[in-house]
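Using the sequences and the hints given, assemble the complete structure.
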Amino acid sequence: MENREKLTVDVEQEKHKQYRRNEAEMKEERKLITSHMQYFVDESKDTKMRARFCNISKNFRQ
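Position one of the sequence shown corresponds to residue -14 (the working numbering), numbered consecutively onward.
Simulated from the structure, these hints should not be mistaken for laboratory data. A virtual CB, placed ideally from N, CA and C, is assigned to each residue, including glycine. Any given hint could turn out to be false.
To be verified - Dumping the calculated DMTMM-like pairs for lysine to aspartate or glutamate here, alpha-carbon to alpha-carbon at most 20 Å:
# : residue 1 : residue 2
1 : K16       : E28
2 : K0        : E10
3 : K16       : D27
4 : K2        : E14
5 : K43       : D31
6 : K2        : E13
7 : K43       : D27
8 : K2        : E(-10)
To be verified - Simulated restraints on C-beta separations:
#  : residue 1 : residue 2 : range
9  : L(-8)     : T32       : 57 to 63 Å
10 : E(-1)     : S20       : 30 to 36 Å
11 : K2        : R37       : 50 to 56 Å
12 : N(-12)    : E13       : 33 to 39 Å
As structure tokens, this is what we get:
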């Protein structure tokens, strides 16, 4: 009987460890996704600024 209880405890601990691991992996994925999203936001801002600058310089040359 003790062996079965120990096995149950081990299984519960293993489930808990796996849950923690999954949680940590999800946090890492969220960080990556957020940084990628920030990169694209920065890129689009940069592109818009460049487009504005080109437009302004075109208008200035005319």
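To see whether the hints hold, each was checked on the structure:
| no. | hint | result |
| --- | --- | --- |
| 1 | K16 with E28 | holds (18 Å) |
| 2 | K0 with E10 | holds (15 Å) |
| 3 | K16 with D27 | holds (16 Å) |
| 4 | K2 with E14 | holds (18 Å) |
| 5 | K43 with D31 | holds (18 Å) |
| 6 | K2 with E13 | holds (17 Å) |
| 7 | K43 with D27 | violated (24 Å) |
| 8 | K2 with E(-10) | holds (18 Å) |
| 9 | L(-8) with T32: 57 to 63 Å | holds (59 Å) |
| 10 | E(-1) with S20: 30 to 36 Å | holds (32 Å) |
| 11 | K2 with R37: 50 to 56 Å | holds (53 Å) |
| 12 | N(-12) with E13: 33 to 39 Å | holds (37 Å) |
Taken one by one, the earlier hints fail for this structure only at number 7.
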